[in-house]
Amino acid sequence: MNQVGSVALIGALEFAIFGTIAGAVAGKMRSMRVLKSAERAALAFWVMTAVAVASLEYMIFTDDFHNAYVAAHSNRDLWGLYKVSVLWSGQEGSLLFWTFLLAGYGGFAVLLNGKKNRQLMPWVVSITMAVGVFFSSLVFFIANPFGELSMVAANGAITPFRAADGNGLNPLLQYHSMVIHPPMLYLGYVGFVVPFAFAMSALITKQLGDNWIRATRRWTMTPWMFLGVGILLGGQWAYAVLGWGGYWGWDPVENASFLPWLAGTAFLHSVMIQEKRGMLKVWNVVLVITTFFLCIFGTFLTRSGVVQSVHAFAESNIGPYFAVFLGIILIFSITLLFLRLDYLKSENKLDSVISRESGFLFNNWVLLAMVFAVLWGTIFPVISKAVENVTVTVGPPFFNKVAVPIGLILLFLTGAGPLLAWRKTSFQSLKRNFTMPLAVAVAVGAALFFFGMRDLYAWMTLFLCAFTATCIVTEFYKGARTRARMKGENPFLAVYNLTMMNTRRYGGYVIHLAMVFLFIGFAGLAFKSETKALVNEGDVIHLKDYMLRAESLTGGDDPNYTYVRAVFSITKNGHSIGSVHPERRLYKASQQPTSHVAIKPSLAEDLYVVLDGVDPDSNKAIIEVFVNPLVDWVWIGMTVLLFGSLLAMVPSRVEKEMAEIRKTKEELVEEKRVY
Amino acid sequence: MRKSVFTRGQSGNPDCDWQERISGFEIRGSQRKRANLLRFLRIPNPESRTPVVLFAVIALLASSALGAAPKPTLKSVGQKVYCTCGCVTTLEHCPHPPAECSRRAEMEALVLKDIDAGKDEQAILQDFVDRYGVPVLAAPPAKGFDLTAWILPGVGLIVGLVVVIVIVRRMRRPSAETAETPASSIDPKVLAAVEEEMKTAGLGTGK
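Protein chains in written order, with our numbering: chain E, 1 to 675; chain F, 676 to 882.
Derived by calculation from the structure, the hints in this document are not laboratory data.
Please read all numbers here as calculations on a predicted model, not as lab measurements.
Cβ atoms here follow ideal geometry from the backbone N, Cα and C, with glycine treated the same way.
One or more hints might be untrue.
What the hints assert, rightly or not - If the Cβ cut is set under 7 Å, some of the chain F residues that face chain E in the computed set are:
hint, residue
1, D802
2, G835
3, M846
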């Protein structure tokens with residue numbers, strides 16, 4: 001199977017090279033025949049990477065410890081589903097997976113644009129395949145997952161070697177959301193290659209109207225959604241596995257995934273100005289370049305070892321290759337942008353500062369300020385080392401101080417932005433639209449203060465959440481009320497029809513609502529409570545309204561790990577609410593211990609119990625108990641974010657009508673040209 | 676004398692400039708500048724500032740009423756120092772329990788000892804720096820070159836705001852070249868004829 005995988009990789013690399021050249025030739029010569037050939041190469045690249053992935057997975061599932069990657073990252077007793085995730089648990093396998101997803105996006109772009117965007121497609125294929133050349137070269141030459149174990153005999157002869165068992169998967173990765181979280185993140189990172197390729201293609205072909213923007217809207221929404229959900233799933237994994245009671249630690253790798261998501265968010269907003277008003281053309285190209293650059297930069301950061309991170313792959317020699325690739329991306333895209341500046345002039349002017357357009361501009365300002373702040377903090381240790389030769393650490397205290405105020409401005413704009421009208425918002429409409437949200441926010445703020453909330457940031461967050469939620473609900477209410485009056489529909493049908501009429505707009509509002517839920521969850525962090533205790537059977541731990549009674553402390557054996565399990569019965573305000581079973585596991589293959597956290601979730605707060613091990617002196621269980629308020633709102637926000645993103649991608653009735661009108665217009669233009 | 680975009684006199688105190696502070700920026704200059712700014716912002720009358728002022732007042736009152744300096748705890752110090760066991764997380768987030776991680780146990784013991792000795796958070800952090808060096812701090816100290824770590828995000832925010840304001844001003848200026856752009860491959864005359872035809876057919880213009 002190693003040979004099959006290696007041959008597939010060579011094939012993938014060759015098809016990627018051919019696709020790059022053929023796409024460029026097709027674009028230059030405007031040849032449909034050559035374009036077809038390039039598109040077939042893109043599909044063949046996809047097939048070849050799929051064969052390589054299948055070969056590796058086959059070896060993982062059949063415990064082929066002759067393969068060095070399988071021996072390093074898997075073991076015989078690893079549970080089946082977790083064997084799937086062995087593919088992305090190491091440097092080589094994850095790069096192969098990256099390449100496979102890239103090929104998949106390229107293949108889908110070809111299949112879905114079979115008859116559309118014919119002028120743009122040659123260069124789209126060429127650029128996507130050029131990125132494919134980089135990644136498949138990296139996988140084949142530098143980080144090849146199809147290496148074989150070998151043994152050097154005393155006489156110097158090298159003979160193949162098969163390990164009896166593997167080292168096993170990192171225990172921290174043996175968790176169900178780890179099977180979904182990395183693919184989601186990768187789908188996010190990789191997917192931005194398509195909007196980038198369309199943007200570059202538009203620059204090369206000088207087709208810089210809003211065609212490329214329209215063609216890439218769903219191609220942008222899709223990776224943005226995957227990245228957002230992937231980040232939050234990562235948070236869920238950290239919360240359930242790492243045992244410190246939180247879900248976000250501002251680790252460089254976490255930041256690396258957050259940066260392209262922020263830039264992508266800015267892009268998704270500012271493209272609307274180009275579509276509606278023909279403005280910000282340069283800015284949109286800059287944003288798409290920035291987003292893609294940050295995707296590759298994030299991959300570089302995770303894999304090069306330039307910054308210390310809890311998530312990073314082992315230090316390797318691939319950093320310089322990524323640095324060169326990043327340089328090429330920047331030089332190529334910025335040069336192209338400068339050469340086409342004349343074609344990117346604004347078609348309209350701003351009618352008023354108080355308008356939706358300027359709202360989007362300010363949203364872009366805040367998002368990009370956040371990108372800069374997080375990026376600066378993430379790379380500052382490297383800069384400090386280079387400038388002063390002093391190692392400093394930039395962690396949560398820095399990011400919380402810097403990012404939280406910016407986040408609050410963003411939360412305000414999340415609510416205020418949709419209240420502004422396109423072109424110009426009159427004072428009367430401003431007053432009409434802001435009165436109710438402000439009144440609700442003031443009422444909520446006063447109530448929170450009255451009930452004793454004294455944490456400034458948490459108070460401001462919830463104040464702004466009330467404001468933003470009211471803004472969004474009001475938008476739905478006003479639209480549905482008008483519909484109900486005009487068409488006589490019942491309120492539910494009116495909301496449904498209103499949403500389906502313009503899924504993009506109302507899907508966007510649902511995403512804004514998801515942001516409110518997320519911020520409610522973030523506000524809860526200010527009110528965490530925790531305690532630590534050594535307990536024996538029968539001992540009791542008190543925390544806030546909870547009483548935990550240790551019922552038993554038992555040990556056990558699983559094929560993959562040994563464990564110690566504590567069983568606690570829980571009462572809240574004197575009423576029994578069940579039991580929890582935290583565990584401490586020792587994985588046999590890797591000999592690594594991990595905690596298996598027990599969580600009793602509720603909308604108001606989670607009871608979070610960690611068994612840290614057994615104290616060797618007293619033989620008592622070391623227990624940490626946390627009460628984490630409002631955490632579940634983060635996971636609700638994640639679900640709503642997913643729903644809103646999917647909703648925004650459903651073709652709406654308005655969109656269909658607009659497409660019809662555009663088609664008619666194009667046909668008429670064609671007719672007039674002929675005559 | 677400092678002039679504000681907001682009217683003075685509501686507080687009755689000529690030295691009171693809280694309205695300037697809460698607006699998030701300060702404007703110096705004459706009444707004419709103020710009028711220009713209002714014109715630039717296209718604010719039709721002073722009442723339109725009410726929501727902004729109201730919001731800012733609430734934020735200011737909240738900031739003055741909320742928050743108090745807390746006493747150091749294992750948790751509060753644990754958030755500000757990195758564990759030296761190699762886990763690359765703060766002491767609070769170290770995934771290794773103290774029973775299995777001697778470094779975490781040692782650092783937590785130091786925090787508790789300092790708290791018992793009545794030291795404040797700064798003194799405890801200084802003890803950590805003395806023992807483990809500056810990298811133990813979870814945020815760079817705000818002095819020397821490291822000060823740039825703290826300043827630049829704020830500078831970025833302000834520069835970004837200035838850039839947005841400049842862009843907004845430029846975008847508002849009428850430009851002659853917007854009539855025709857090289858991006859469009861369609862003859863404007865053809866386009867006008869088509870739009871007229873579509874209008875007659877009741878199809879709209881697609882805008």
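Now for the hints, and whether the structure bears them out:
| no. | hint | result |
| --- | --- | --- |
| 1 | D802 | violated (17 Å) |
| 2 | G835 | holds (5 Å) |
| 3 | M846 | holds (4 Å) |
When held up to the earlier numbered hints, the structure conflicts with hint 1 and nothing else.
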